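Engineer: Turn these sequences into a full structure, and let the hints guide you.
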Amino acid sequence: MSLWPVAAVTFLEGIRNRAIYGITIFALLLLIAGNLVAGMIMQEVGKVMVDMALSTIALSGLLLVLFVGINLMAKDLDRRTIYMVLSRPISRPQYLFGKFLGMVLLIVTTIAIVSLFAVAAIQLTKITYPDYFAHFSWASIFLSIALTTLSLILLTALSFLFASFVSTSFLTLVLTILSYLIGHGINDVKALIEAPQQVGIQVTPFTVKLVQGVYYLFPNLSLFDIKTQAAHGLTVPLATIGWTVTYGLGYTAIAMLLATLIFSKREFP
Amino acid sequence: MRRVVPILLLCVLLPLHVASLRSAGSAWKALPQGEETAYAIPAPILKLTALEFDGLASDFMFLRALVFLGSTFERDNWPHSVKESEWRGLYRDLSAATDLDPYFLDPYYVAQASLTWDGHLVRETNLLLEKGIRTRDWDWMLPFFAGFNSFYFLQENEQASVYLMESSKRPGAAPLVASLATRLAVKGRQTENAVIFLEEMLRNEEDEGIKKNYRIRLEALHGILALEKAVELYAAKMGKPPASLQDLVAERVIAKIPVDPYAGTFYLDVDGSVKTTSDLREAKKKPENDKPQPQQKTAQPGKDAAPLYELPF
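Sequence lines, in order, name chains D and G. Going by the numbering used here, the first sequence wraps up at 602, each residue one higher than the last. Going by the numbering used here, the second sequence wraps up at 360, each residue one higher than the last.
It cannot be assumed that every hint is accurate.
No more than 25 Å apart at the CA atoms, straight line, and that leaves these computed lysine to aspartate or glutamate pairs for DMTMM-like [unchecked claim]:
| # | chain 1 | residue 1 | chain 2 | residue 2 |
| --- | --- | --- | --- | --- |
| 1 | D | K523 | G | D123 |
| 2 | G | K216 | G | E252 |
| 3 | G | K178 | D | D521 |
| 4 | D | K459 | G | D254 |
| 5 | G | K276 | G | E239 |
| 6 | G | K258 | D | D464 |
| 7 | D | K459 | G | E239 |
| 8 | D | K598 | D | D409 |
| 9 | G | K259 | D | D464 |
| 10 | G | K76 | G | D123 |
| 11 | D | K459 | G | D294 |
| 12 | G | K178 | D | E527 |
| 13 | D | K459 | G | E252 |
To give an idea of the interface, some chain D residues facing chain G are shown, with a C-beta separation under 10 Å as derived from the structure [what the hints assert, rightly or not]:
| # | residue |
| --- | --- |
| 14 | M375 |
| 15 | A391 |
| 16 | A467 |
| 17 | L525 |
| 18 | E527 |
| 19 | Q530 |
| 20 | Q562 |
| 21 | A563 |
| 22 | A564 |
In short, the hints are calculated from the structure, not lab data. Because the structure is a prediction, the values reported are computed rather than measured. Using N, Cα and C, we set each Cβ at its ideal position, and we do this for glycine too.
Structural biologist: Below, the structure is given as structure tokens:
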């Protein structure tokens, strides 16, 4: 199996990347800010702190995928080091999946580190204001972190798909950011389009079909966002989690398979 | 020698930087600017642009409202110096915060504490509370608040009774709520019911600033309640209602007329109800009003709500 060496190299390269330190320091600063902001809240201090913590985790994960992940994948293509790699006894799918595996490891590690800080920050706030954590559950917080991680993995797979056919890493970055924006908006847009009278807008049947088409094409990232539920300690039904995880893994698999197909056929200049 | 020129240039540029920023900053301040609370972003757009950070955006909108409300305490003659459009702006911000995260308690809480007593946006507050009553289905305080508003400000006892029934069904509700709900169906006893409401709200309040507010209101209500009972006693004793409150003292029904904590004087209205002069302007706005509106034109801002907004830094 030549999957692991590629994964290991990718992971180590990612760890060595200075950007990770930046992301971690940024996350720490946000968590300190969260602690201060939570002190301004009268009733639901816990909710605000959990909001801040989970958003920090999601944002640092996003930065990691966009600015470290895409570079790791695209650098080989940009700098033409891909020739050296592909001249080795390693198939293109193996190379691609190895890279992906390394990136997944990197995401999980970074999220774990930032989550550790986040949990410490929440715990600190909880000790400072113990009376304001009425509806609070660690289980739903960790569930939310897990789903965020899955959505980041999905986004990475999508960025691999883009990288497999566009020529520069910058284009991959733009396409991935667009997918992220669409992915988080599509749920709300679909709801709006399907019940336009509620907000008093008019939509043509064509728009409805277009949005419904886009809904199946782009990832629905809102499904992975249970931060509000986690912040209020509400339970999310097991079936919802099950379907979301299935969807996430399925979408990731489809994106990676398509990426492999395109990448195998690709000719390098 | 080569370094001298850049260093000299820096020495000139740094003061220039400070000076230019100061001038530009003050010049910018002089530009005409929109009111802080004048704009409101529709909820669907907010939800769309907040991406996966709905909760954070909700916190932000709430803090924006809180900071604005806090800034009005600096004005003289609070809350009358706050324009109606500003109260509406505050309502819109709180409404946006709860659109983004309908489970968030604090916006409902601030709306109840400021928009009703001081902002006179009672119907809007109840509309806001409705959202919270639907989502926070474990919380008995929100329907209790809405019930109080319906009863006290809007004088809609039936609606109030509905809210209180809902409140009494929820876990943790004081046993009093259920009996209050049934009492409301009975006409009269307005002041007594208001006292019970306020005592319950006082019991559940932890914030010292709001507690102080409630206590003053309660004191005024107790005064009116005592006078109303005395008027009833007088009528039973003498066979006719008193001509003025002084008659009560003259006939020794009560020792003395209580003091209105809002610096007004209690008096007997032509319709036989007890009123206070600190409430005259409010009474004109609501003709059917036969109860005190404890907030009055000379309320002291610092005393009223400042401790609510003590910031940790």
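Engineer: Which numbered hints does this structure break?
Structural biologist: 1, 7, 11, 18 and 19
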